[in-house]
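Protein chains: 2
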Amino acid sequence: MARVSTRLRIDCGYEGTQFFGWGIQPSHPSVQASLEIALGIVLRLDKKSFQTVVAGRTDAGVHALAQVFHVDLPEDFHLSDAALRALPRRLQGALGTDAISVHHVALAPPGFDARFSALSRTYEYRIADLAARKNPLHRKFSVVSPYRLDEQRMNELGVALLGLHDWAAFCRPRVAATTIRKLQSFSWIRNAEGVLIATVKADAFCRSMVRSLVGSAVAVGRGKITVDDVARVREQKARVSQWPVMPAKGLTLVSIEYPPEADMAQQALDTRARRTLTSD
Amino acid sequence: MARVSTRLRIDCGYEGTQFFGWGIQPSHPSVQASLEIALGIVLRLDKKSFQTVVAGRTDAGVHALAQVFHVDLPEDFHLSDAALRALPRRLQGALGTDAISVHHVALAPPGFDARFSALSRTYEYRIADLAARKNPLHRKFSVVSPYRLDEQRMNELGVALLGLHDWAAFCRPRVAATTIRKLQSFSWIRNAEGVLIATVKADAFCRSMVRSLVGSAVAVGRGKITVDDVARVREQKARVSQWPVMPAKGLTLVSIEYPPEADMAQQALDTRARRTLTSD
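For the protein sequence lines, the chains are A and B, in the order given.
So that you can map any letter, position 208 of the first sequence is 208 in the numbering used here, and since no number is skipped, the others follow by simple counting.
So that you can map any letter, position 273 of the second sequence is 1273 in the numbering used here, and since no number is skipped, the others follow by simple counting.
A portion of the hints provided could be inaccurate.
Stated by the list, open to error - With a Cα cut of at most 25 Å, we get these calculated DMTMM-like pairs of lysine to aspartate or glutamate:
| id | chain 1 | residue 1 | chain 2 | residue 2 |
| --- | --- | --- | --- | --- |
| 1 | B | 1140 | A | 193 |
| 2 | B | 1140 | A | 11 |
| 3 | B | 1182 | B | 1193 |
| 4 | A | 140 | B | 1098 |
| 5 | A | 140 | A | 166 |
| 6 | B | 1201 | A | 235 |
| 7 | A | 140 | B | 1156 |
| 8 | B | 1201 | B | 1257 |
| 9 | B | 1249 | A | 98 |
| 10 | A | 224 | A | 203 |
| 11 | B | 1249 | A | 72 |
| 12 | A | 249 | B | 1193 |
| 13 | A | 224 | A | 261 |
| 14 | A | 140 | B | 1193 |
| 15 | B | 1249 | B | 1098 |
| 16 | B | 1048 | B | 1059 |
| 17 | A | 201 | B | 1235 |
| 18 | B | 1224 | B | 1261 |
| 19 | A | 47 | A | 76 |
| 20 | B | 1140 | A | 124 |
| 21 | A | 237 | A | 193 |
| 22 | A | 47 | A | 11 |
| 23 | B | 1140 | A | 59 |
| 24 | A | 201 | A | 11 |
| 25 | B | 1201 | B | 1076 |
| 26 | A | 249 | B | 1059 |
| 27 | A | 140 | B | 1124 |
| 28 | A | 48 | A | 76 |
| 29 | A | 140 | B | 1011 |
| 30 | B | 1201 | B | 1261 |
| 31 | B | 1140 | A | 98 |
| 32 | B | 1224 | B | 1098 |
I should point out that these hints are in silico values taken from the structure, not numbers from a laboratory.
All values derive from a computational prediction rather than experimental measurement.
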């Protein structure tokens, strides 16, 4: 029997401002590159000997409060219990920045795959419109709108869009990728400061989908288009320009949901069968 | 009768990270210098022809959601209604940064003095202890504590310290400045993320007083000293080292309270009589 390599599940968060997104890019800083370098230092492993797989690939400037990735350690690598316990603190130290925070490190349960075991992703989007209190402390993760947005209409849109649909009208096109997704939640609240916060949840998202959904809601909230207009445009199933793709800095990945441990492996198999080659 | 110059009341906020505090300093960026340069540009006035007076002089790294200052325009300067209305937007533009946000500009009511008319100042201090969710988006304005802090004991301390006292034990000494202040509120809550937030309100604060008060609360919350210890040390009326002065970045000025317009002038006279030469 072949030796089973050690798979770690790592939970983390980051302010995306200074990164060109999660994914490694030549000559640009990325969250993934920072974490892989730190892992290499702490585990004394060559970077080429392991790789990371993430639950939700965030774009440049997008933040995460609860990102999840896994890493497979080389088969001949032994990680002691003490080393595992010390890993969050040592990894945080090796990162040398608090723009990325390491929350939790654990041995992954059998069959766990950070990407394919995930049941859903939940994002928040923050907009300070005319009715919101100005707050310079939140400028890195909320977008200022010079209009008064009608959150009731934006919530009507949210309800109208829910369900399993082809979201091509909201997605940056990708070859061989499906744009069929199940939108499970799209609702708005105003917090105590008057800031509009969207919660957007789906089994998975195609590229720029959340920011395009929010853009359609802003257009509806300003009274430029109606809920019916958005629903009609979605049925055209082709990339549209009726509303803006909102800026990245307002967007934060707030949770990744996984099934109970016993179902991790089956969920990964099901997801792979359904959407290999698709974006998260 | 001498011509009365125009006094403006300006409300603003700022993230203090990049500034060496409110007050102008040689060769270091300050909030006051940034605002005076922007005012000079927008009003086409020489910087030497006006000056600003602030309600609460914040230290390097301290933030403000609701700061207030006044500025007296030269006697021969005419500000039209249209120019006054356009001032917030133009001032924001001339600042060239969203680290400072201009909230409101208005003609000051008769007798108004941003510093001496103020009835009280309210600050918040944010601590993410072991029980709090890690949030990299809040790292610029909250302090991480590696301990679990007991907010009940911290609230007991808050109640025990209220009232009119000599706060010399909590203050950076200043020549000819009184350290007698009335502490009106010092309470702790945990927000939905588990972050401890102190609200600290007094008629005025001497230098480093809020951060020293919070330091004493952290020492009590960790169980290093008791509420009685802190009260006893305060009676020694001399600067102490039993607890730390907490880092600036956790501190935010959240409001300045003024009396009704009719009482502005009298309040300014009363305050001046009571505490000329003191710090705010």
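The hints, checked one at a time:
no.	hint	verdict
1	B/1140 <-> A/193	holds, 19 Å
2	B/1140 <-> A/11	holds, 21 Å
3	B/1182 <-> B/1193	violated, 31 Å
4	A/140 <-> B/1098	holds, 10 Å
5	A/140 <-> A/166	violated, 32 Å
6	B/1201 <-> A/235	violated, 56 Å
7	A/140 <-> B/1156	violated, 36 Å
8	B/1201 <-> B/1257	holds, 10 Å
9	B/1249 <-> A/98	holds, 14 Å
10	A/224 <-> A/203	violated, 29 Å
11	B/1249 <-> A/72	violated, 38 Å
12	A/249 <-> B/1193	holds, 21 Å
13	A/224 <-> A/261	violated, 46 Å
14	A/140 <-> B/1193	holds, 19 Å
15	B/1249 <-> B/1098	holds, 18 Å
16	B/1048 <-> B/1059	holds, 24 Å
17	A/201 <-> B/1235	violated, 56 Å
18	B/1224 <-> B/1261	violated, 46 Å
19	A/47 <-> A/76	holds, 15 Å
20	B/1140 <-> A/124	holds, 20 Å
21	A/237 <-> A/193	violated, 37 Å
22	A/47 <-> A/11	holds, 20 Å
23	B/1140 <-> A/59	holds, 22 Å
24	A/201 <-> A/11	holds, 19 Å
25	B/1201 <-> B/1076	violated, 39 Å
26	A/249 <-> B/1059	violated, 28 Å
27	A/140 <-> B/1124	holds, 20 Å
28	A/48 <-> A/76	holds, 15 Å
29	A/140 <-> B/1011	holds, 21 Å
30	B/1201 <-> B/1261	holds, 21 Å
31	B/1140 <-> A/98	holds, 10 Å
32	B/1224 <-> B/1098	violated, 41 Å
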